[in-house]
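Student: Sequence:
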Amino acid sequence: MKSGFSLVELLVTIGIIMVSMTAVFMIVNPIETLSQARDGRRISEVTSLDEAITFALQQNPAIFEGYDKMIYLSLPNISGGIDLSGYRYTCVDYQNLPPLVAPWKYNCTAQESLFKTDGTGWLPINFNSLAIRPLATLPIDPVNDAKKGLYYSYIKGWEISTKLESKKYSFQGADDRVVWTEGILRVRLKKEKNCWFLQLLRSNEFKWS
Numbered sequence: 391m392k393s394g395f396s397l398v399e400l401l402v403t404i405g406i407i408m409v410s411m412t413a414v415f416m417i418v419n420p421i422e423t424l425s426q427a428r429d430g431r432r433i434s435e436v437t438s439l440d441e442a443i444t445f446a447l448q449q450n451p452a453i454f455e456g457y458d459k460m461i462y463l464s465l466p467n468i469s470g471g472i473d474l475s476g477y478r479y480t481c482v483d484y485q486n487l488p489p490l491v492a493p494w495k496y497n498c499t500a501q502e503s504l505f506k507t508d509g510t511g512w513l514p515i516n517f518n519s520l521a522i523r524p525l526a527t528l529p530i531d532p533v534n535d536a537k538k539g540l541y542y543s544y545i546k547g548w549e550i551s552t553k554l555e556s557k558k559y560s561f562q563g564a565d566d567r568v569v570w571t572e573g574i575l576r577v578r579l580k581k582e583k584n585c586w587f588l589q590l591l592r593s594n595e596f597k598w599s
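Throughout, my numbering is defined as the position within the sequence shown, counted from one, plus 390.
Derived from the structure by calculation, the hints contain no laboratory data.
Each hint should be verified, as a subset may be incorrect.
[Claimed, not checked] Derived CB-CB ranges, DEER-like:
1) Trp494 with Lys557: 27 to 35 Å
2) Glu502 with Ile406: 55 to 63 Å
3) Thr510 with Ile406: 27 to 35 Å
[What the hints assert, rightly or not] Once the Cα atoms are required to be at most 25 Å apart in a straight line, the calculated SDA-like pairs of lysine to any residue come out as:
4) Lys495 with Leu520
5) Lys537 with Tyr496
6) Lys537 with Glu502
7) Lys538 with Asp440
8) Lys553 with Pro532
9) Lys553 with Glu422
10) Lys553 with Ala536
11) Lys459 with Val482
Glycine included, C-beta positions come from ideal geometry on N, C-alpha and C.
With these hints in hand, go ahead and build the complete structure from the sequences.
Tutor: Written out as structure tokens, the structure reads:
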């Protein structure tokens with residue numbers, strides 16, 4: 391009686407080992423695991439923001455939603471000033487922000503006010519004015535870094551967006567953003583002439599380079 395493994399048995403064994411090694415690598419890859427955890431938090435928080443804004447408008451359709459042609463960011467304002475027209479400009483320290491087409495502008499809020507829900511936080515909506523407050527504090531991106539492109543953004547109308555960093559949500563190297571527009575989950579990105587254009591439901595007047 392012959393002992394040992396047949397060629398088929400060896401191939402099956404090697405295949406099982408390779409699959410097991412791949413599974414172990416995925417489990418013990420801490421960078422990807424942490425990235426996926428942060429992405430999960432982002433999706434949950436952006437969903438909560440979307441629901442809170444929907445609730446606020448149902449309770450008070452006339453509530454202030456922010457200024458037109460303004461992109462509100464979850465990034466803290468470091469320095470700023472007043473231009474010749476009297477406009478208070480912010481976000482000037484973030485040179486990595488995508489350039490905007492006029493008259494679009496960015497808005498950043500002081501660090502100590504970022505999380506406030508009274509309209510002075512990074513979101514301009516005063517949730518505290520409602521009989522029932524849908525949020526205790528405003529969430530911000532778990533990394534919140536302009537250089538990495540990881541922050542939340544909001545546009546009156548409304549749109550909330552966030553970039554996803556893990557390979558699980560990768561779109562072959564695209565600048566992935568999950569966008570909720572009026573309660574609908576959308577990803578609207580296209581590339582033209584080496585520029586990423588974030589398409590909006592009501593406007594496409596600004597671009598992300």
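Student: Please go over all the hints and tell whether each is borne out by the structure.
Tutor: Verification of the supplied hints:
1. Trp494 with Lys557: 27 to 35 Å: With Cβ atoms ~31 Å apart, the hint holds.
2. Glu502 with Ile406: 55 to 63 Å: The hinted range 55 to 63 Å holds for Glu502 and Ile406, with Cβ atoms some 56 Å apart.
3. Thr510 with Ile406: 27 to 35 Å: violated, 59 Å
4. Lys495 with Leu520: violated, 28 Å
5. Lys537 with Tyr496: With Cα atoms ~15 Å apart, Lys537 and Tyr496 stay inside 25 Å; holds.
6. Lys537 with Glu502: Holds, because 21 Å separates the two Cα atoms, which is no more than 25 Å.
7. Lys538 with Asp440: OK: Lys538 and Asp440 at ~24 Å, within 25 Å.
8. Lys553 with Pro532: Holds, because 11 Å separates the two Cα atoms, which is no more than 25 Å.
9. Lys553 with Glu422: Holds - the C-alpha atoms of Glu422 and Lys553 are around 15 Å apart, at most 25 Å.
10. Lys553 with Ala536: Distance ~11 Å between Lys553 and Ala536 Cα, so the pair holds.
11. Lys459 with Val482: With a Cα-Cα distance of about 17 Å, the restraint between Lys459 and Val482 holds, given a limit of 25 Å.
Hints 3 and 4 from the list above are not met by this structure, while the remaining hints are.
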